[in-house]
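Enquirer: Number 612 in UniProt numbering belongs to position 612 of the sequence shown; there are no gaps in the numbering.
Hints are supplied without guarantee of correctness; some may be wrong.
Taking CB as the label site, the calculated pair distances span [stated by the list, open to error]:
1) Glu820 / Glu593: 42 to 48 Å
2) Glu9 / Glu593: 18 to 24 Å
3) Glu513 / Glu963: 55 to 61 Å
4) Arg832 / Arg658: 30 to 36 Å
5) Asn569 / Arg546: 18 to 24 Å
6) Glu152 / Gly269: 26 to 32 Å
7) Asp815 / Leu749: 19 to 25 Å
8) Gly45 / Glu9: 55 to 61 Å
9) Gln638 / Thr568: 32 to 38 Å
10) Thr568 / Lys540: 37 to 43 Å
11) Asp815 / Ser304: 30 to 36 Å
12) Glu9 / Glu152: 53 to 59 Å
Derived pair list, reagent style SDA-like, types lysine to any residue, alpha-carbon separation capped at 25 Å [said to hold, decoys possible]:
13) Lys225 / Gln190
14) Lys799 / Gln782
15) Lys516 / Lys437
16) Lys971 / Met842
17) Lys259 / Gly179
18) Lys123 / His150
19) Lys116 / Cys95
20) Lys505 / Gln529
21) Lys781 / Asp755
22) Lys116 / Asp69
23) Lys225 / Phe209
24) Lys128 / Phe209
25) Lys213 / Arg115
26) Lys331 / His418
27) Lys575 / Tyr564
28) Lys505 / Ile608
29) Lys82 / Cys95
30) Lys505 / Asn596
31) Lys516 / Glu481
32) Lys85 / Thr106
33) Lys225 / Gly269
Hints in this document: simulated from the structure, not taken from any laboratory.
The beta carbon of each residue, even a glycine, is placed where N, CA and C say it ideally should be.
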Amino acid sequence: MDYLTEWTESGVDEELTQLNVIPLDGYRPLDYLLYADTLPRLNTGRISQPLLNRYQHLYEGGWWCSGIDILTGNPDLWGCFKPIKPRLSSDQRKCIKYEHPPHTPTGIFALRISRKIWERIAKKYNVKINPDDLQPHQPDLGFWRWVICHPELPLCITEGAKKAGALLTAGYIAIALPGIHSGYRVPRDQYGNRIAKPALIQQLQQFAFENRKIYMVFDQDTKPKTIKAVNSAIQQTGYLLTQAGCSVYIVNWNPQLGKGVDDLIAEQGQTVFDQAYQTAISLEMWKAFSYNRLTYPVNINLKSRYLSPINIPESAKLIAIKSPKGTGKTKVLETIVKEAIERGQWVLVIGHRVRLIEALCQRFGLQYMKSAIQHQNSALGYGLCIDSLHPNSRVKFEAQDWSNGLVILDEVEQVLWHGLNSETCQNHRVSILKSLKILMQNVLGGNGQVVISDADLSDTSIDYLTRLSGVSLQPFVIHNEWQPSRDEAETIYNYLGNTPDQLVKDLEQHIAEGGKPFVCLSAQKLASQWGTRTLETYLKTQFPERSILRIDSESLADPTHPAYGSITNFNQVLKFYDIVLVSPSIETGVSIEIKNHFTSVWGIFQGIQAENSVRQALGRIRDNIPRFIWIANRGFNQVGNGSTSMSSLLGSGQRLTRLNIRLLQQSDFAGLDDLEMGFQAESLVCWAKMAVRFNAGMDHYRETILAGLIAEGHQIIEIPETTKKPKNAIKSTQKFKPNNSERPSLNELILAVKDQNYQAECLAVINSQDLSECQYYYLQKQLAKTPEERRAIHKYELKLRYGVAVTSDLINKDDQGWYEQLRIHYFLTVGRPYLIGRDALMARRLMEQGQGNIFAPDFNRSQLGAIIGIMELLGIPALLKNPERDLKNTDMDLQTIAEIALQDRNAIKTIIGIGLAKNSSPITIVQRFLDKIGYRLTCVRVQSLGKKRVRVYQVVDPQDNREQIFHHWLKLEGQYPGKLEVISHENTPTPAPFLFTPDYIQLSLFKS
């Protein structure tokens, strides 16, 4: 193949190719390559024979490419040669496709370009060309000067000259590196020792101006070793460019569409790359998503539809299985457990959801939270949730009693995240993490084995378990890379609207046509418009003759509900239902193998679940049937301050921890000297990695989920908001009769159903039994609860929390987060003297539960002092005391508040969870803080100030009778320590004043 054809087939403009590429053969390639003064030569100046022998293959010919020397503006002497017959590396393992001048520092490919391409790029970015830059015969020299002088122009960096040519042809400014690590140098001495920090090469420094956008467009490889190398290069080069002031973005696409960007453009068309470019993620976001990757060396690599029995060496300690959903991971685990039991080895199965671990134990022949088999008077194990992995649980788990056995962690990514971050583990988190560490030390450090499996298995989980064990070991990795063929791939129809209305309309029509849908939803609460309970009632009113099963955490735990106990027998139970609605309670660990029953899978994902949980939920039905989904653009859950930078998340958390400790020190809090804040650094690091990737997924919710589905091999078809689903997507079984045209809108109907359900539930709670304290604690411990028992518990907790009669209004306010608003308002005002005692009590409880240790994220969540201090610093209490005051953006004190708040936006985000835009007005900032206590501002008039019209606001008291609740809380001070997160002051006639001032907050946090 000649060079023109090769470059043209890579999507490069022919004129551009002719400007930069020439064919060479015979001795001429040597003239272009062997020019360095330091090359070994004879006395005559001739190149030494051994070196000539190494390059004998070049005589067969090939092509040479070089561009412009950015540093001088002259044609570049450095370049690359692609021989027709490449040589092998010295170890004979690798084919060297490209030759670069030896003994010469590598440069960059800044290709010569034609005036046509330059003008196309200038038009695209709307940047004028200076006539002085346009040279008659060599516009390429002026082009690169023009790019350097315009930092507003974005720059793509890729690997390989052809790829830069393809990008330039497509209208993107692009340079190429000869290798992924060639953008920087690591200074070393003559012995190879590093003597200074890495630095960008001079050529890249020419482009690295403040605020320039740099897009890194490297190959999308599938080999773990190569991926690891590319990631390392992106991270190092990206960091150095960021330090120079650039904004760095990473362009990704599905490797199946093409490995290199030239392949992508040539095979899929420029539009596909345009889309990848437009959805490029920031370097910070890319780092967060990098914690999803698996780069460990693979011991067994498969591409099997179903996993077959795997021969695992006895010497393997940590066995890691990564295999797509529905490929039989649980079957493999079943075999491993069976073999362990047969040889008399104990087995411990750890999960994160009660019903799922129960189902898993049933398959393994074990019992949940109870010893299943006895062997020589010693228990051979059971299954439990990670919540119970501590001595105070129902099974009194003692980690030191377990060694040399088999530990199974199925869906390990979610199990570990649950243990590190869930609210249900918070009270015993330190004990749970201590037990997990001892367990890993005893098993991996002894003669046992740990088997972990997950469709999304990553280095993060493997690193964490290895570090907990304290053992230097190499995991035995089994990676099944099977993907469905084009014929086998599931088709997913993605609704693009801002609401799921159109999807629900199509779902309704599908049911009317005789379809049997399996519907995945994000929530179950009655307050949720698109939750399981609301949609169940709505569909029952529309299709009273159809059988509907609702599966969520409540129905699964309700002995009177048909879903109770069904999780262990789904494949039989679900056959009796036409419509099944499921919440995230079964997003993992369940394989529904029913064939020819369900006709479709539908999903409404509102931004509550993690992005990988959404993909897991869609994969519960194994039958290859159409899937219809609506996904929110952004999620609204976040961890910590929502950062996608691990260093930022940990750094802000550490500063807040130090502040909270300083505040406690002022209270004469006993035991602070014994407080261990550095508990399990490995657990904190794993929490941070998982947290930033969770936050990154929430920031790009729809985009991340769709990218994950594409990577799994699914075909995505987009459905615009006004478009009906494709007629042939699902076969109709009966003719659909449209409803009356006067029917209310779907949104109105759904809201009416939600309101009706909600009011009925409120009334049921109000009329439920009044529990005694003993009855309450007895019911709380039960795993199974009837609706009546749940309502009685809810009523008891509301009465305990507020001390007033339970009404529908109270229930609604509580569901809307009223308690959190009241708690801050209380400690900001009348409860202020008791704040330090409250925080000290919460810290002391955590210390007692952790035997002197505290997990920093839990500790920070437990403290309110910093939140109250911030609000005092900004003068919020003063505004509450004078609600009749007129407030304007021009007020000097409000402008001072805004100046302080905007100067320390990151600290405010970390402490109080309020994100402020850089241009937020004083009124907007005050309103954001008033929102935290349920107050608001209202515009009372518009007045003239000079030539300007200015809005005037006043603080609006919510008039919600909160003073009665505050009075109740004050009376409880000293009577019920801890029940309402307040502390007894029985022996203190006059409450001690709070000891820190706003100035202290400012100095200790904002100025740190």
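Enquirer: Take the hints in turn and mark each one as holding or not.
Expert: Checked hints:
no. : hint                        : in the structure
1   : Glu820 / Glu593: 42 to 48 Å : holds, 44 Å
2   : Glu9 / Glu593: 18 to 24 Å   : violated, 45 Å
3   : Glu513 / Glu963: 55 to 61 Å : holds, 57 Å
4   : Arg832 / Arg658: 30 to 36 Å : violated, 23 Å
5   : Asn569 / Arg546: 18 to 24 Å : holds, 22 Å
6   : Glu152 / Gly269: 26 to 32 Å : holds, 28 Å
7   : Asp815 / Leu749: 19 to 25 Å : holds, 22 Å
8   : Gly45 / Glu9: 55 to 61 Å    : violated, 41 Å
9   : Gln638 / Thr568: 32 to 38 Å : holds, 35 Å
10  : Thr568 / Lys540: 37 to 43 Å : violated, 26 Å
11  : Asp815 / Ser304: 30 to 36 Å : violated, 48 Å
12  : Glu9 / Glu152: 53 to 59 Å   : violated, 34 Å
13  : Lys225 / Gln190             : violated, 29 Å
14  : Lys799 / Gln782             : holds, 21 Å
15  : Lys516 / Lys437             : violated, 46 Å
16  : Lys971 / Met842             : holds, 20 Å
17  : Lys259 / Gly179             : holds, 15 Å
18  : Lys123 / His150             : holds, 14 Å
19  : Lys116 / Cys95              : violated, 37 Å
20  : Lys505 / Gln529             : holds, 15 Å
21  : Lys781 / Asp755             : violated, 31 Å
22  : Lys116 / Asp69              : holds, 21 Å
23  : Lys225 / Phe209             : violated, 33 Å
24  : Lys128 / Phe209             : holds, 19 Å
25  : Lys213 / Arg115             : holds, 24 Å
26  : Lys331 / His418             : holds, 24 Å
27  : Lys575 / Tyr564             : holds, 16 Å
28  : Lys505 / Ile608             : holds, 22 Å
29  : Lys82 / Cys95               : holds, 12 Å
30  : Lys505 / Asn596             : holds, 24 Å
31  : Lys516 / Glu481             : violated, 32 Å
32  : Lys85 / Thr106              : holds, 23 Å
33  : Lys225 / Gly269             : violated, 29 Å
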